[in-house]
Amino acid sequence: MNTEVTIAGVTLKNPVMTASGTFGSGEEYSAFYDLGCLGAVVTKGVALTPWEGNPTPRIAETHSGMMNAIGLQNPGIELFCSRDIPFLKRFDTKIIVNVCGKSLEEYVEVVRRLAGEPVDLLEINISCPNVKVGGIAFGQDPKAAEAVTRAVKDAARQPVIMKLSPNVTDIAEMARAVEAGGADAISLINTLTGMKIDIDRQCFALANRTGGVSGPAIKPIAVRMVYQAAHAVSVPVIGMGGITCASDALEFILAGASAVSIGTANFFNPYAAPETIEGIRSYMEQKGVSDIRELIGAVRDRA
Amino acid sequence: MPKRILDAGVIAREKLAEGIFGLLLEAEPIAAEAAAGQFVSLYSAQADRLLPRPISLCGIDRERGTIRLVYRVAGAGTKEFSELLPGEKVRVMGPLGNGFPLKGSRPVLIGGGIGIPPMLELAKAFGGRAAAVLGYRSERFLETEFECVSRVYTATEDGSFGTRGTVLDAIRQEKVSGDVLYACGPLPMLRAVKEYAIRENLPCYVSMEERMACGIGACLACVCRTTETDAHSNVRNRRICKDGPVFEAREVEL
Ligand SMILES: Cc1cc2nc3c(=O)[nH]c(=O)nc-3n(C[C@H](O)[C@H](O)[C@H](O)COP(=O)(O)OP(=O)(O)OC[C@H]3O[C@@H](n4cnc5c(N)ncnc54)[C@H](O)[C@@H]3O)c2cc1C
Ligand SMILES: Cc1cc2nc3c(=O)[nH]c(=O)nc-3n(C[C@H](O)[C@H](O)[C@H](O)COP(=O)(O)O)c2cc1C
Ligand code: FES
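Residue numbers (this note's numbering), protein chains in the order written: chain A, 1 to 303; chain E, 304 to 557.
In case anyone wonders, no lab produced these hints; they're calculated from the structure.
Every residue gets a Cβ at the ideal spot worked out from N, C-alpha and C, and that includes glycine.
Fair warning: there could be bad hints in the mix.
[Said to hold, decoys possible] Covered by chain A, according to a simulated footprint, are these stretches of chain E (three or more residues, beta-carbon under 8 Å):
(1) 348-355
(2) 521-528
(3) 533-539
[Stated by the list, open to error] For the chain A half of the interface with chain E, some residues (derived, Cβ under 10 Å), not all of them:
(4) PHE23
(5) THR56
(6) PHE204
Work out the full structure: start from the sequences and follow the hints.
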């Protein structure tokens, strides 16, 4: 049985990775299982300099989901390169570094700094709804998205995944824009901007007022967007949004995702990723599928 | 050390006061490693309530392999736990965070409201050396158990028992003295205790609270502000779930 998939020339042993920001740099979850079972680890977004992030409360629970406004707290690229990358190198998995920035120049600087590092892929976050400058500003305008993609691609040594925001009217247009900019792959969805109000205290649940909604509640929207994006571009698509188990992951794969990321599910089931990998294998066995690639985009209309 | 998440059997449930409940859980692997001041994450059986409810360890019995949690019904999750019956299971992860460091020869343990439970295991760990200062709104709970393991001073807001007022009023009125302070309770109380510790030049350990998602240090939801740049985060933030929940009061902004 083959579970290998290839993203921009990088072969993953299986299509399951972790979603940026939900898994740190893997250290905490390595206390539960060997990270070597994963297709890849995607790290928390890293910027040029350390960012403090937003005030607390940074999260709130919602029905079958949660909202977060962490605000991209990160230790800056230098500490990340000297501590987090060497840690991840100890495991037999691919390393995908998620990059954030407040300006086009900052993205480019971080990507340059990573050029000599043993990193397999870069994921560029142009879709964070929780920072005031940068982030989503690039992710909601096709022209800006294309421009960041091009600038990053010019500076990057590793293949580039552009991470798209669902907070747009036409996801296909955004997908095509980053493909035109030279993206080697795209990933989606980042969180959907939401708001929660505490009616007892008549105040916002989050200090940031708004936050990004994630978890099972957003899955149908994510599957739809992955389907639309996969049909709009020819580069591989990495799907995410509410995946908790193999059947969720398989929906994304059938919709057109070459790989999937598990985010919020890690919080209530630290074993969500390895269980998903196992579950995909049993599904393939049951359905007599010998190569996972047969499943990618294989969804069809009801007979 | 491998982390643990397990379905713990409920041995007993108790009601300690209005809205305050206790759970005795069979969780041998957690009890074996746990220390006073650490906490566990409790998970709802309801699939739409995703996030863990962090609850401090109020009791640890290594021989019996049990842990005891005492909590206030604050919302849907804690309400669900308060309805658990003996024989049922609840998903628990732990032990999490760092416990209280055991310092000094005359420790003073200060608990306010639902910050009182973790102080009980700490009082036991000090083997009778500690003074416990307990602050209640009105109805008291766990007080008699503290009396078995420490000297007890009580304050009630309504003056129905002990000193009328706050834990600090009790400390002043009863002239409670010691060489190290431990505190858990509402933020205004922690602020007052910190101020007192600075004035009296005493070391002071506080246990902090924040909303949590992962409970293990990965998501950066639960940070508190620190006075110095933290080595891990590289900014003035520390994770309450992993680097805390216990901090030296001078290291954090309250
Ligand atoms: C380290 C730590 C130890 C704690 N120990 C105890 C204890 O021993 N006894 C006790 O009664 N309470 C304790 N708490 C507070 C307890 O976690 C909350 O009361 C509980 O999570 C409320 O859940 P709920 O579903 O009933 O309320 P809801 O308001 O419905 O919860 C909604 C969400 O907000 C979170 N939340 C709400 N209040 C708090 C809070 N104060 N702190 C953190 N998250 C919160 C919940 O976990 C949940 O994700 C502790 C909190 C922390 C951080
Ligand atoms: C707490 C938290 C932090 C996140 N941080 C980042 C981040 O730093 N960079 C990024 O590109 N996406 C970040 N995300 C978005 C996730 O990677 C993912 O796209 C989104 O949560 C949807 O997947 P899920 O429903 O499986 O969580 C974060 C999500 C959460 C819940
Ligand atoms: S709850 Fe995730 S870092 Fe503390």
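Here is what the structure says about each hint:
1. Given as covered by chain A, the stretch 348-355 of chain E passes the check, having 6 residues with a CB less than 8 Å from a CB of that chain where 3 are the minimum.
2. Residue count for the stretch 521-528 of chain E with a Cβ under 8 Å from a Cβ of chain A: 7. That meets the three needed, and the coverage hint holds.
3. Counting residues of the stretch 533-539 of chain E whose beta carbon lies closer than 8 Å to any beta carbon of chain A gives 5, which meets the minimum of three for the stated coverage.
4. Because the beta carbon of PHE23(A) sits about 6 Å from the nearest beta carbon in chain E, less than 10 Å, this interface hint is met.
5. Checking THR56(A) against chain E by beta carbon gives a least distance of about 6 Å; that is within 10 Å, so the hint holds.
6. For PHE204(A), the interface hint is violated, the least distance from its beta-carbon to any beta-carbon of chain E being 13 Å, above 10 Å.
Checked against the numbered hints listed earlier, the structure breaks hint 6 alone; every other hint is satisfied.
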